[in-house]
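If you read the protein sequences in the order shown, they are chains R and D.
If you read the first sequence in my numbering, its first letter stands for residue 42, the second for the next number, and so on.
If you read the second sequence in my numbering, its first letter stands for residue 42, the second for the next number, and so on.
Hints may contain errors.
Each pair may be met inside one copy or between any two copies, as identical chains are not told apart.
In silico EDC-like cross-links for lysine to aspartate or glutamate, where the CA-CA straight-line distance does not exceed 16 Å [as the list claims (entries may be wrong)]:
1) 290 x 262
2) 101 x 66
3) 372 x 265
4) 182 x 104
5) 127 x 184
6) 127 x 265
7) 340 x 380
8) 340 x 379
9) 290 x 110
10) 340 x 387
11) 210 x 237
12) 210 x 330
13) 101 x 118
Since the hints were made in silico from the structure, they are not lab data.
Number of protein chains: 2
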Amino acid sequence: MEHNQRIIFTNDISAAIDEALANIDYNRLFVLTDTNTAYFVLPRLADNTHIARAHNITIKSGDMNKTIEATAEVWRELCANGATRKSVLINLGGGMVTDLGGFAASTFKRGIRFINVPTTLLSAVDAAVGGKTGVNFRGLKNEIGVFNEADAVIISTCFFSTLPLAEVKSGFAEMLKHGLLKGAETYDRLLAYDFECRDYDLLLSLLRESVQVKADIVRQDPHERGIRRALNLGHTAGHAFESLAMSHKNPIPHGHAVAWGMVVELTLANMLCSFPSSRVQEYAKFILENYGAFHITCKDYDALLTLMSHDKKSENGEMNFTLLSDVGEVKINCCASDDDVRAALDIYRDLMHI
Amino acid sequence: MEHNQRIIFTNDISAAIDEALANIDYNRLFVLTDTNTAYFVLPRLADNTHIARAHNITIKSGDMNKTIEATAEVWRELCANGATRKSVLINLGGGMVTDLGGFAASTFKRGIRFINVPTTLLSAVDAAVGGKTGVNFRGLKNEIGVFNEADAVIISTCFFSTLPLAEVKSGFAEMLKHGLLKGAETYDRLLAYDFECRDYDLLLSLLRESVQVKADIVRQDPHERGIRRALNLGHTAGHAFESLAMSHKNPIPHGHAVAWGMVVELTLANMLCSFPSSRVQEYAKFILENYGAFHITCKDYDALLTLMSHDKKSENGEMNFTLLSDVGEVKINCCASDDDVRAALDIYRDLMHI
Numbered sequence: 042m043e044h045n046q047r048i049i050f051t052n053d054i055s056a057a058i059d060e061a062l063a064n065i066d067y068n069r070l071f072v073l074t075d076t077n078t079a080y081f082v083l084p085r086l087a088d089n090t091h092i093a094r095a096h097n098i099t100i101k102s103g104d105m106n107k108t109i110e111a112t113a114e115v116w117r118e119l120c121a122n123g124a125t126r127k128s129v130l131i132n133l134g135g136g137m138v139t140d141l142g143g144f145a146a147s148t149f150k151r152g153i154r155f156i157n158v159p160t161t162l163l164s165a166v167d168a169a170v171g172g173k174t175g176v177n178f179r180g181l182k183n184e185i186g187v188f189n190e191a192d193a194v195i196i197s198t199c200f201f202s203t204l205p206l207a208e209v210k211s212g213f214a215e216m217l218k219h220g221l222l223k224g225a226e227t228y229d230r231l232l233a234y235d236f237e238c239r240d241y242d243l244l245l246s247l248l249r250e251s252v253q254v255k256a257d258i259v260r261q262d263p264h265e266r267g268i269r270r271a272l273n274l275g276h277t278a279g280h281a282f283e284s285l286a287m288s289h290k291n292p293i294p295h296g297h298a299v300a301w302g303m304v305v306e307l308t309l310a311n312m313l314c315s316f317p318s319s320r321v322q323e324y325a326k327f328i329l330e331n332y333g334a335f336h337i338t339c340k341d342y343d344a345l346l347t348l349m350s351h352d353k354k355s356e357n358g359e360m361n362f363t364l365l366s367d368v369g370e371v372k373i374n375c376c377a378s379d380d381d382v383r384a385a386l387d388i389y390r391d392l393m394h395i
Numbered sequence: 042m043e044h045n046q047r048i049i050f051t052n053d054i055s056a057a058i059d060e061a062l063a064n065i066d067y068n069r070l071f072v073l074t075d076t077n078t079a080y081f082v083l084p085r086l087a088d089n090t091h092i093a094r095a096h097n098i099t100i101k102s103g104d105m106n107k108t109i110e111a112t113a114e115v116w117r118e119l120c121a122n123g124a125t126r127k128s129v130l131i132n133l134g135g136g137m138v139t140d141l142g143g144f145a146a147s148t149f150k151r152g153i154r155f156i157n158v159p160t161t162l163l164s165a166v167d168a169a170v171g172g173k174t175g176v177n178f179r180g181l182k183n184e185i186g187v188f189n190e191a192d193a194v195i196i197s198t199c200f201f202s203t204l205p206l207a208e209v210k211s212g213f214a215e216m217l218k219h220g221l222l223k224g225a226e227t228y229d230r231l232l233a234y235d236f237e238c239r240d241y242d243l244l245l246s247l248l249r250e251s252v253q254v255k256a257d258i259v260r261q262d263p264h265e266r267g268i269r270r271a272l273n274l275g276h277t278a279g280h281a282f283e284s285l286a287m288s289h290k291n292p293i294p295h296g297h298a299v300a301w302g303m304v305v306e307l308t309l310a311n312m313l314c315s316f317p318s319s320r321v322q323e324y325a326k327f328i329l330e331n332y333g334a335f336h337i338t339c340k341d342y343d344a345l346l347t348l349m350s351h352d353k354k355s356e357n358g359e360m361n362f363t364l365l366s367d368v369g370e371v372k373i374n375c376c377a378s379d380d381d382v383r384a385a386l387d388i389y390r391d392l393m394h395i
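Bound-form chain R, shown alone (with noise of 0.2 Å):
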C-alpha cells in the first residue's frame, strides 16, 4: 500500500465524484455495479458528467456471483472497452462488488486505479476500507483476492434510506465492534442511537467515528500480522453461529452473527480478561432489543466449536480469540479452551433469554 488511501465523507456523491477524480489523470472511466446497484443506485449519478462518459460493467448481485468466473467478465470488458494503465474502474455496490471489482482492478494490467462508493452500511463501514480485496473460490470465502487500497472511498448514508432496516442494523454491528475497540465515548454514542428515528445525518457523523477506528487499525499493520486482529473481535463466535445458520439452510446476515458473536465474546472477555460484567449485560440488552436471539441449545455446541476451532483466524488448531479487558482495551492471540467457550455459550444463551 503506497498510497494514502482518501476517503470522503458526504451526502453529496456527484461532487465526491468529481473530488476523487480531479487529481486522477485518467483516459477512460469505468463503473462496476451489480443487477441491483445498476437499476436502483447508478440512474441516481448519471448527471455527473464523469458518470455519464463511463463505461458501465454489470455482474450478477449475490455472494454466489463472488467467483473469478465474474472477475474474468470484468476483465473482458475492461479489455473489449479500451481499459489501459490509465484507466480507472468506480465500484459502486455493497461488499460483492466493492470486494470483487477491487480485486478485478488491482490485477488488471497489474493493477489500475479503483474508487470504492459503497452502498450498503456494511460495505461503508467494513469491505470498503482496509484494502482487502478478493473472491470466493471452490466454497471458500475470500481465498483469492490481494491486499490493495482503493485509491479513493466515497462513503454516504444517502443510499441507505432504500435498504431493509435488517441491512442498516447489520452493518451497525461493525460499528459497535469499532466503538468497543476504541473506548467509552465512541461506543456509548453508538448505543444511544435510535433505529427508529433513522436520523441518517446522526449515522454519517457516527460512520465516520467508526471507519476512522478501522482505518487507524488498518494503517498499523495492513498485512494483518497482529493488531489487525483485534477487527476480529466477535467474529470467532460469529462466523460460528453464520455457518451452522447456514448449514441449517437458514442464513443469517453477516452483521448480524457478528452482533451475536460478539455477546458470546464478551462473555468470554469477563471471564478471561476481567472485562466488566455491567458492560455485557448492556450490550447483551441492547442487541436483544435491535437484533433479537439467534436461537442455540446445548445440542449445538459441539458443531460450534467444531466450527470455531477451523475458522481461519486460529492458528495451530486453538481457539484464538481478540477479547478485551475493557471498553478499548484490546488484547489479541487470547487462548480459550472448549470448556471456557461451552460456559460462554451457557451465559450467552440466559442473556439472550433462550
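Position chain D relative to chain R; hints supplied.
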C-alpha cells in the same frame, strides 16, 4: 513491496533452498513445476529435506498455458492440500512458471510467500526479479497480474548446461541490455563473453552483475512510472519483430527479438541522442555473429510501425522509446516519428547485411 527480496547466487541449489527457508516459519511447502522441470530439474533436488517433504504441483509447459485457468489449477491444488497463509510456494522453472506461480501465490489467501528458482537464463536475468507476476488473457501477454516480489530468488547457472545454446543466447540479450543501461565497464565484459567456451562460472558472475542492475532500477521505481521504463530498451522494436514473426507462424525467441530490437533502437539513439556510431557498429557486429539477423524488407515497415505504435508502453499513440546518449546514459520517454523509425530500419538492414 514491503520486504527486501533476497537474491542468492549459487551453484549449490540445495544449500540455497535451506538458506532461503531458514528464516521462514512455514507449515507446508509446495513446489510448482511445469511438465519439463518436473522431469528434468525436480529429481536433481530430491535429496533436499525441504523438497522431499513438499507437495509438487505441475502445470503444462509453454506460454500458451500461462492462463488464469492454469492459475486456478494451482489454487485448487493449494486448497486441496491444506495450504494456509503460512505456506510457501517454490516456483521451479522458466519465466512462465515464475510469472504464473508468483501470481498464484500473491493472490492465494491474499498472498502467501513464494521463492523463485529460475531454470533458464532468460528467467534468471529477467522474469525472476522485479516483482512482475501474471498470466496471459485473451491473447494479451501478462494482461492479468500483480506487482509482488518473491521472498527470495535463487539464481544459478547449474541448470543451463542442459539448455539449448539458443536459449542461453536469448537470456544473454537481456544481460546485454542491462550492460548498456549500466555502463561501459559492465557492457564490455559482456561483449567479451565467448559462447563457444560456455564458462558457467564466468556466466554466473556476469549474471550477478546483470541482475543487480535490474534490481537497482526496480527498487527506484517498482510500479514502472518512470525510470523502470529504462528496462524497455530494445523492447519496442523487439516486440514488433516478435509479433511480425508470430504473424508469419515463424516465432523467434524473446531474447533474440530484443537483441535485434536493440540494433534498431541504438540506431535511433544515434540519430536522436548522439549515441556513438562506433558503439552501434560494435553491437551490431556482436549480434550478427552470435544471433544472426532477423530478415525484414521494406515491405514490412508499415506492419512494424503499426506494431510499435500499439506497444502497450507507448502513451497517447506516440511512439515512445527508451534510448541512450552513450553506454550507461539513459533517456526514457523519447519520441520518434515514423520517418525516424523507417530510417533506423534501413540502417538496421545495412548493419545486418540484409
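query: If you check each hint against the structure, which ones fail?
result: 1, 2 and 9
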